[in-house]
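Single-letter residue listing:
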Amino acid sequence: MENTIDRDHGKQMLYQMMLIRRFEEKAAELYTQTKIRGFLHLYVGEEAVAVGVMQALKTDDNILSTYREHGHALARGVDPGRIMAEMYGKQEGCSRGRGGSMHLFDAGKKFFGGNAIVGGHLPVAVGVALAAKKQKAARLTCCFFGEGAAAEGEFHESMNLAMLWEVPLLFVCENNLYAMGTALRYSHSLPQIELKGSAYGMESMAVNGMDVLAVEEAAIRAAEKIRSTGKPFLLVCNTYRFRAHSMFDAELYRNKAEVEEWKKQDPITALQNLLLEQGSLDAAAISELESTVETAVQKAVGFAEAGSWEPVEDLTRFVYSEPQNS
Amino acid sequence: MENTIDRDHGKQMLYQMMLIRRFEEKAAELYTQTKIRGFLHLYVGEEAVAVGVMQALKTDDNILSTYREHGHALARGVDPGRIMAEMYGKQEGCSRGRGGSMHLFDAGKKFFGGNAIVGGHLPVAVGVALAAKKQKAARLTCCFFGEGAAAEGEFHESMNLAMLWEVPLLFVCENNLYAMGTALRYSHSLPQIELKGSAYGMESMAVNGMDVLAVEEAAIRAAEKIRSTGKPFLLVCNTYRFRAHSMFDAELYRNKAEVEEWKKQDPITALQNLLLEQGSLDAAAISELESTVETAVQKAVGFAEAGSWEPVEDLTRFVYSEPQNS
Amino acid sequence: MANENNTISITYREAIKQALRDALRADERVFLMGEDVGRYGGAFAVSKGLLEEFGPDRIMDTPLSESGFVGAGIGAAIAGMRPVVEVMTVNFSLLAMDQIVNNAATLLHMSGGQVNVPVVIRMNSGLGRQLAAQHSHSWESFYAHIPGLKVLSAGTHEDARGMLLAALKEPDPVVIFEYTAMLNLEGKIPAGAGIVEIQKAAIRREGKDISIITYGPGVYKSLEAANELAKLGIDAEVVDLRVLRPLDESCFLQSVRKTHRALVVEEAWRSVSISAEISSRIMEQAFYELDAPVHRLCGVEVPMPYPKHLEDISVPQAGDIVNMIKKILQHD
Amino acid sequence: MANENNTISITYREAIKQALRDALRADERVFLMGEDVGRYGGAFAVSKGLLEEFGPDRIMDTPLSESGFVGAGIGAAIAGMRPVVEVMTVNFSLLAMDQIVNNAATLLHMSGGQVNVPVVIRMNSGLGRQLAAQHSHSWESFYAHIPGLKVLSAGTHEDARGMLLAALKEPDPVVIFEYTAMLNLEGKIPAGAGIVEIQKAAIRREGKDISIITYGPGVYKSLEAANELAKLGIDAEVVDLRVLRPLDESCFLQSVRKTHRALVVEEAWRSVSISAEISSRIMEQAFYELDAPVHRLCGVEVPMPYPKHLEDISVPQAGDIVNMIKKILQHD
Ligand SMILES: Cc1ncc(C[n+]2csc(CCOP(=O)(O)OP(=O)(O)O)c2C)c(N)n1
Ligand SMILES: Cc1ncc(C[n+]2csc(CCOP(=O)(O)OP(=O)(O)O)c2C)c(N)n1
Ligand SMILES: [Mg+2]
Ligand SMILES: [Mg+2]
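Taken in sequence, the protein lines are chains A, B, C and D.
In this text, residue positions in the first sequence follow UniProt numbering: the first is 1, and each later residue adds one.
In this text, residue positions in the second sequence follow UniProt numbering: the first is 1, and each later residue adds one.
In this text, residue positions in the third sequence follow UniProt numbering: the first is 1, and each later residue adds one.
In this text, residue positions in the fourth sequence follow UniProt numbering: the first is 1, and each later residue adds one.
Hints in this document: simulated from the structure, not taken from any laboratory.
In this text, a Cβ means the ideal position worked out from N, Cα and C, and glycines have one as well.
Treat the hints with caution; some may be incorrect.
To be verified - Cβ pair distances, simulated, as ranges:
| # | chain 1 | residue 1 | chain 2 | residue 2 | range |
| --- | --- | --- | --- | --- | --- |
| 1 | B | Met205 | C | Lys169 | 49 to 59 angstroms |
| 2 | A | Glu258 | C | Gln199 | 52 to 62 angstroms |
| 3 | B | Ala28 | C | Gln285 | 51 to 61 angstroms |
| 4 | C | Glu197 | A | Glu217 | 48 to 58 angstroms |
| 5 | B | Gln278 | C | Gly55 | 24 to 34 angstroms |
| 6 | C | Gly55 | A | Ser228 | 22 to 32 angstroms |
| 7 | D | Lys308 | C | Tyr288 | 33 to 43 angstroms |
| 8 | B | Met205 | A | Ser228 | 45 to 55 angstroms |
| 9 | D | Glu289 | A | Glu322 | 57 to 67 angstroms |
| 10 | D | Lys308 | A | Ser287 | 31 to 41 angstroms |
What the hints assert, rightly or not - Listed below are the simulated DSS-like cross-link pairs for lysine-lysine, each with C-alpha atoms no more than 30 angstroms apart in a straight line:
| # | chain 1 | residue 1 | chain 2 | residue 2 |
| --- | --- | --- | --- | --- |
| 11 | D | Lys48 | D | Lys169 |
| 12 | B | Lys136 | D | Lys169 |
| 13 | C | Lys48 | A | Lys133 |
To be verified - Covered, in the sense of this in silico footprint (three residues per stretch, anywhere, with C-beta under 8 angstroms from a C-beta of chain A), are these stretches of chain B:
| # | stretch |
| --- | --- |
| 14 | 145–155 |
| 15 | 188–198 |
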């Protein structure tokens, strides 16, 4: 990171990344305590992507994400308490507890999941963007997905449709080098995902996803392009997940040294160091941030703990819309 | 066409293209007489592709095709009588009448259909090629498909898998500019299908699909590449269908002038002219060819007419293998 | 609605087209998308002329990308549009099934009621044109199994005309099946026919001796059979299920409670089919009212063969219904 | 086969792994392909260790491309190999359903008997780990509807061990369902257990008062229920369908003819399900032998909710089976 950065903005992004990190560490802990169940996919190491990209989005823009979406939801401003409650399965959760960790939704924040069929949300994102175009709205749609998802046919169809129909869609590929245990070189014959843009005539670029400032800058540039041309853009963020794929993963497919090597690029440390170096932050401010984060996470846990279970009589709700939904 | 060409070889290819043309004209006639039913997709105008590509294939190589496959089957040497009988639905047909025009099969000729889910045979072709690799056989697999099919997710997955696994597969995209009534520009954001090879690191090239010599040369070059490297190759043949998509098509989506313009490039006329010019052929020889073709087509029709209907008691055969099949 | 006597004659195809036109005129948010719906005029000429009338933004030709454009329809629905997505035939819908089942049908639930998906997906189903094993199937059963979907089957001209309009008023995803074999069929509908209700099954013919429960092309075949049977003094009631999910069981149960016998007729393969569901619901809820076991007449379990003589015997025809009912009643 | 007394204790997961290992050792043409079957060790650790033993040509990690690699499995089968394709769970199989239904199941027929497709496709099915609405479903019914497929359900450890080996001897495509919720379950099998036959259903417990007809995780739940019922003096017979297509109807019909009552149990959604097929076949062929209507206990028709208390009540548990049977018998 060579940039300088506005102090408050820098602190704001640092806070968000730290919140995501701490929130997820807590979630992992709660998982081992069996407070949280199902699949839990942590974003630890990738925080710069969510936080960086989110800087380019306005409140009216739409977001679609994967099952590894806590970071996106938090960076989008979905309430941490409601996210935690969701992971507990409580009805105060952001999806009323129906979805769990993989299905965070907040329609008010225009956060449309939390989708767990890999690549399955890409066509949906094309449609959400198409609607904005038809409605002549300035809204942009942002869709996060992994490099593994880019091998699915849905990626191809969605890239082609988005470009063919010229819809305002930002494709954000989070290339963390692994799809579960399958390394990039075993899932793509051409590992530079950004080059796939050229097969559709779509503008694309790759960015260092461990550097929140680089991600932010690239995302803003991409969003501007999209807003001015109406055409989609493929942004590939090269990153790494520090933790296992999910809580069921023995990590047989990569060695510890590789992980340690990547940890040297920890996006949070990097931003902290930058802010320290440029004098925007000191050790005291960092511990203050840490304790603010801790308080926020504790509050989220408290909210989740205090939440309630949906009554069993409600089991078949939300299969079809209820009168007030229509 | 600027090449010169061996006289016998030229005549041989001319004969094949003329046979395909005449066979299909006859089929169209028989369709209006309701001897043939279902969907009938004619290849008229595209003959140079099937005949040119087939020159690069050996008897042990595998072929998979679409529902527009009469040309491929004939060029491969599947018996015209058995093809015609198939279109009649007679049990002497190459698929015992079960398949009809869209599902010609001849396992002996390693002709694996006749597949009518657009793009659905591409993954299968990858697997057929993969088997050859695993069996350490020198066999190549050739898969024909339209430019419309290249928009399907199956195209993307198959291209990636073929390249990733380095299987000996020749992808032949027959770009006839239309997928039913959808022009290329409405189905691909990037209309140069051959450029899609680069998204997978796969070698590719485009060739004038109205010129049988050019197709032949390109196919031979591609096949040599595949046989020497073991890697797949994408060959795009730019061509045009002179007739409607199927017998149900009112051709609202293109104007007659465009069709007439393309007819000037008729691959059969072109080869005839070349052979005439270089003195390999004279008018008498052409009419001799014509009558040989006519005889072959008549014989095929005769065979089909003389064929028999499968007894109704056999209806549920071929749902599962019969003892002799296993 | 129009005077009963004031009827017009119309093909099934034209009925669908009129509904599309009405829907496009009535609501700006409605658009039609699918393969060849525009410039080609629709694979089965259903949407011919609509592109000229509504332009390419409302009549969108899509590439061959079933998963892609069905998913795009879902996305557009989430975001406030009212897309009508045409999947050319149910055979190709398998390529979009993940989108329909894992997205359209589940988003409302996964989001705890926040994200509803008012998409209408139309598809042609069934056989009848010798299109063989990759173009002739009747897979209504797949979709009828899925909670979150509403599944309609247009077995009459009035429903071909009216179901689409009703579906567009639903807040949730609706799949409508239309039938290739019926497109050219002429039928009479009230001149002012429009929207129909889509909660209930319908009695297409009243009778007292046996209930024929069916849907899709089974409806006209069953009515034909009932006419034949009437000549033999057998008075068959014909129930058109119409809504394959959620099933209006009270209608067919009531019919069976009256006739005490039932035959379920469908063109789809027999095993694990809609007819099985009907039979088992009668078993569960009207067992003690039955004078004879419920029987099924279904498609023969074979991928559709190409030749006409084999295609014809692959599905129940009116004559088969007549014979089967004679057998059931003889048994008494 | 081994001495009955000489049994070993084994998890369901380990039983599958041993079968895979046997198959890979026995036939060079066999290879395993699927997402994360190799380096990761299998999403559910079923294939852990096999990559080390057999190498990457026989244990092939595939990209996320369900349609692509299932299709590739079909192609390899056509061309003389014996692929075992793992689709991580049935939920993702919708992405490959076109390949399975339109290709694997139809190629033999469309080619008039020339092209057979000896591919084995394994998938995990069912709920039990709070994986919510896109990871928990039981869609055996989709595949059981398709002529051309053979569909197996491994409801016991012996079948988890032996069905794969039998499937690899078939000339036609076989889909095997394994169950996420059973992977850690310990069971006893004969020490030398190997291949099993795959034509027939099995009586897992003999009884005379009622037939419980089920498959998959329904088997152990039904056995548990039967033990409970025995304490109440009710003697239930438990039929494990095993082969979901083609159904071995003689087995369950014979059972019903003996007990005169039946309850069909499955975790899948109720409407248009395998249980419906069973019930309607009993209706058709054993109606006059029934002392009470056949009932079904099925999954509640809701996309699977995440929280445990809702997941638990979404599918029938042993206690529900007990209660239901008490009710059926009371009714007499
Ligand atoms: C269609 C589908 N196939 C398989 C899975 C199982 N699965 C869940 S996550 C995953 C890997 C996805 O990798 P990638 O897209 O790179 O995202 P990442 O997890 O690395 O963020 C797999 C195989 C799934 N959920 N959906
Ligand atoms: C999956 C699928 N979708 C739609 C169709 C209907 N259909 C048949 S051919 C065709 C056009 C295919 O165009 P292309 O691939 O360019 O081949 P061409 O017919 O031009 O040779 C369409 C849409 C189909 N058979 N399969
Ligand atoms: Mg990844
Ligand atoms: Mg074309």
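Q: Kindly confirm whether 33 to 43 angstroms is satisfied by the beta carbon distance between D/Lys308 and C/Tyr288.
A: 39 angstroms, holds
Q | Range agreement (Cβ of A/Glu322 with Cβ of D/Glu289, hint 57 to 67 angstroms) | A | Since D/Glu289 and A/Glu322 have Cβ atoms about 44 angstroms apart, the given range 57 to 67 angstroms is violated.
(Q) If I claimed the Cβ atoms of C/Glu197 and A/Glu217 lie 48 to 58 angstroms apart, would that claim hold in this structure? (A) 56 angstroms, holds
Q.
Verify the CB-CB distance for D/Lys308 and A/Ser287 against the hinted window 31 to 41 angstroms.
A. The hint (31 to 41 angstroms, Cβ to Cβ) holds, given that D/Lys308 and A/Ser287 are roughly 38 angstroms apart.
Q. Has the hinted range 45 to 55 angstroms been met by the Cβ atoms of B/Met205 and A/Ser228?
A. 36 angstroms, violated
**Q.** chain A covers the stretch 188–198 of chain B, three or more CB atoms within 8 angstroms, holds or violated
**A.** As far as the stretch 188–198 of chain B goes, the hint holds, because 6 residues have Cβ atoms under 8 angstroms from chain A.
Q. Does D/Lys169 lie within 30 angstroms of D/Lys48 when you go C-alpha to C-alpha?
A. OK: D/Lys48 and D/Lys169 at ~24 angstroms, within 30 angstroms.
Q: Could you tell me whether the CB distance from B/Ala28 to C/Gln285 stays inside 51 to 61 angstroms?
A: 55 angstroms, holds
Q.
For B/Lys136 and D/Lys169, compute the direct alpha-carbon distance and say whether it is at most 30 angstroms.
A. 23 angstroms, holds
Q. Within the assertion that chain A covers the stretch 145–155 of chain B, do at least three residues meet a Cβ-to-Cβ distance smaller than 8 angstroms?
A. holds (count 5)
Q. Taking the CB of A/Glu258 and the CB of C/Gln199, does the distance hold inside 52 to 62 angstroms?
A. 59 angstroms, holds
Q. Okay, C/Gly55 versus A/Ser228 on CB: inside 22 to 32 angstroms?
A. 25 angstroms Cβ-Cβ, so the 22 to 32 angstroms window holds.
Comparing the model with each numbered hint stated earlier shows that hints 5, 8, 9 do not hold.
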